[in-house]
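Peer 1: Chain residues, written in single-letter form:
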Amino acid sequence: MSIEFAPKTREGRMVYVLIPLLLLHLALISLQIEDPAGTILLKKAVFLVSAPFFNLSAGFSRGTRYLWQNYVWLRNVRQENAQLKDAVQQLSLREKALVQAQEENARLQRLLALTPTLPVQGLAAHVVGRAPSYLSNVLYVDRGSSSGVRVDSPVLTGDGVIGRVILTSPHNSQVQLITNPDASIGVLVERTRSPGVLKGSGNPVLSLNYIGNAEQIEAGDPVVSSGLDGIYPKGLPVGRVTESYKGKSVFRVIQVAPHADLLRIEEVLILPGPVKKE
Amino acid sequence: MKYLVLAVSAFLAIVAQMIAGNNFFLFNFLDLSLVLIAYWAIYRNRIQALFVGSLAGLMLDAVLGWPLGFNGFGKTLAAFTIGQVAKHFNVEAAWIRFIMIAGSSCLSSLSMFALWALLARPSSSLFLGASVVQAIITGAAGSLIFALMDLYAQTHVKKAS
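Residue numbers (the numbering used here), protein chains in the order written: chain F, 5 to 282; chain R, 119 to 279.
One thing to keep in mind: the hints can contain errors.
[To be verified] For the chain R half of the interface with chain F, some residues (derived, Cβ under 8 Å), not all of them:
1) M119
2) Y121
3) V123
4) S127
5) M136
6) P185
7) L186
8) F191
[As the list claims (entries may be wrong)] Derived CB-CB ranges, DEER-like:
9) A223(F) with A265(R): 31 to 41 Å
10) L236(R) with V257(F): 21 to 31 Å
11) K277(R) with R154(F): 57 to 67 Å
12) L246(R) with V257(F): 17 to 27 Å
13) A125(R) with A223(F): 48 to 58 Å
Simulated from the structure, these hints should not be mistaken for lab results.
We put the beta carbon where it would ideally sit given N, CA and C, even for glycine.
Chain R on its own, in the form it takes in the complex:
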């Protein structure tokens, strides 16, 4: 059941991102699946976050029409990075979360770019610049979402007590 939730949440994140991106151009720079991975690594379980990253990456490859594995590799690496940062550092401050998510987004993009180059496939010169914009937008959105979730949870706990 746990793994079904994991798969469904990854699928829904990608579908939501596609729908939003189709209607508002800026949403194409928001990597919702990475926000989901960060949520899983910070709030749930770091091992499961690796599976979320892996699965979300494969699904992204499928919808992007890329060979399966490029995003899977990048997102798994991003999940590992976020998991390690969350394990060794105090990630309660929003700015640390921003750096953590933006950094892992850059790492994921770089790893895909490297794989692309290693396999001698044509790659876009826009890729690196756009990856930085994506990292900033995803980092900001992720930190904001997590701050709101914390706020909601705090209010909920206070009301209950």
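Looking at chain F on its own, in the form it has when it is part of the complex:
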């Protein structure tokens, strides 16, 4: 038998509350569809209030992992091998630290390898949160406006473009991934130099639009940013064509898989400020 935790208050007719609430949401959606470029106050407020929680959670998570890997795990080793206790502890600690440093070093080197080709100095940032969805296509990073990050700043990994900043607070930013249904990038197919627009749909693959049926695009062709959108610098790797065939209209149907593994991003490089068209 269930037990009530609080007494139920007198209830009016639910429909009288339901209908205005649903109409309110529909009105909200309509307003935004008409004017998608406007900044929405509630989005900004929720982001500002929730951003510190992501930093806290990321810190707690890192701390717990550090304690587990460098203290608890070593205690188990010590119990198994009491005579070599000190040596194992020291060596394991150093080994773990070295492996982590090497992995981080490799990731950062891949990021740095991109920087000579970039028009502005990149800013390294850690991913501290993801939007709560199985189709998450929004990330939160630990760099914000106080570090020079601005709305529309391009965001990259060592593998290539992953998205752009859509909201900032002093110490955090919200990043819209290229797979987001609202995201699009001006791109070129590198081999044929055919320009097109890469559009997200919420799926892991992106659709490459506005390339004519006459173009000879094949699976495996690399796709790079064209720089024509005024946000992403020209020539950055974006993805690879996975499927290409003639469409019913004048344009080909082309699918592109991003180079970057968008589910496993830990560090990113932000280019402060949108890159203007040359």
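Keeping the supplied structure of chain F fixed, place chain R upon it in accordance with the hints.
Peer 2: For chain R alone, coordinates are given in the frame of chain F:
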């Protein structure tokens, strides 16, 4: 004060879900805000549950980077459905609660999918399949949480008497 509690609880549910989802992938399929809505509709007040659904949905839209209103619409509809089921049926059995929560989760997802399609926005083909998984996980988690709450309350009442 009542409405402040309502707003704070909706906010905390979303933050908790984000933190859990960031650390354990499976938690991305758990809709904690829907569990909160169901709690409000079953144990507290069905009208207030509509406001919880509305507010939680708006906050979800904000953190997901979606246009505000999609989740708000879906969650309000889910709150109404749960409220009506709780009003007309005996929802003390765990399996009924499971069906009620999973069903309202599906309804919420479907309404968002329909809105998305009506506005001719690109939608993911994964959406419907993932929504079913989300409904099952959320239904199971919600029924379990409510069963534990009932058990705790029963023990508490027995001790007091």
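Peer 1: Checking hints one by one. Is V123(R) an interface residue toward chain F, by the C-beta closer than 8 Å rule?
Peer 2: 10 Å, violated
Peer 1: Cβ-Cβ distance between L246(R) and V257(F): within 17 to 27 Å?
Peer 2: 22 Å, holds
Peer 1: Quick one, is the M136(R) hint okay against chain F at 8 Å, beta carbons?
Peer 2: 4 Å, holds
Peer 1: Do the numbers back the hint for M119(R), that is, is its least Cβ distance to chain F under 8 Å?
Peer 2: Cβ of M119(R) sits 13 Å from chain F, so the hint is violated.
Peer 1: Falls inside 21 to 31 Å, the C-beta gap from L236(R) to V257(F)?
Peer 2: 24 Å, holds
Peer 1: Once the shortest beta carbon distance from S127(R) to chain F is found, is it less than 8 Å?
Peer 2: 13 Å, violated
Peer 1: Grab the minimum C-beta distance from Y121(R) to chain F and call the hint holds if it beats 8 Å, violated otherwise.
Peer 2: Hint on Y121(R): violated, closest Cβ of chain F at ~13 Å, above 8 Å.
Peer 1: I want to verify a distance hint. Is the separation of the beta carbons of A223(F) and A265(R) within 31 to 41 Å?
Peer 2: Given range 31 to 41 Å: violated, Cβ gap about 52 Å.
Peer 1: Holds or violated: the 57 to 67 Å window for the beta-carbon distance between K277(R) and R154(F)?
Peer 2: Once the Cβ atoms are compared, 59 Å apart, the range 57 to 67 Å for R154(F) and K277(R) holds.
Peer 1: Evaluate the given range 48 to 58 Å for the C-beta pair formed by A125(R) and A223(F).
Peer 2: 50 Å, holds
Peer 1: Should the interface hint for L186(R) be scored as holding, given a Cβ-Cβ cut-off of 8 Å against chain F?
Peer 2: 5 Å, holds
Peer 1: May I ask you to test the interface hint for F191(R) with respect to chain F, counting a Cβ-Cβ separation under 8 Å as satisfied?
Peer 2: With a minimum Cβ separation of about 4 Å from chain F (threshold 8 Å), the hint on F191(R) holds.
Checked against the numbered hints given earlier, this structure breaks hints 1, 2, 3, 4 and 9; the rest are met.
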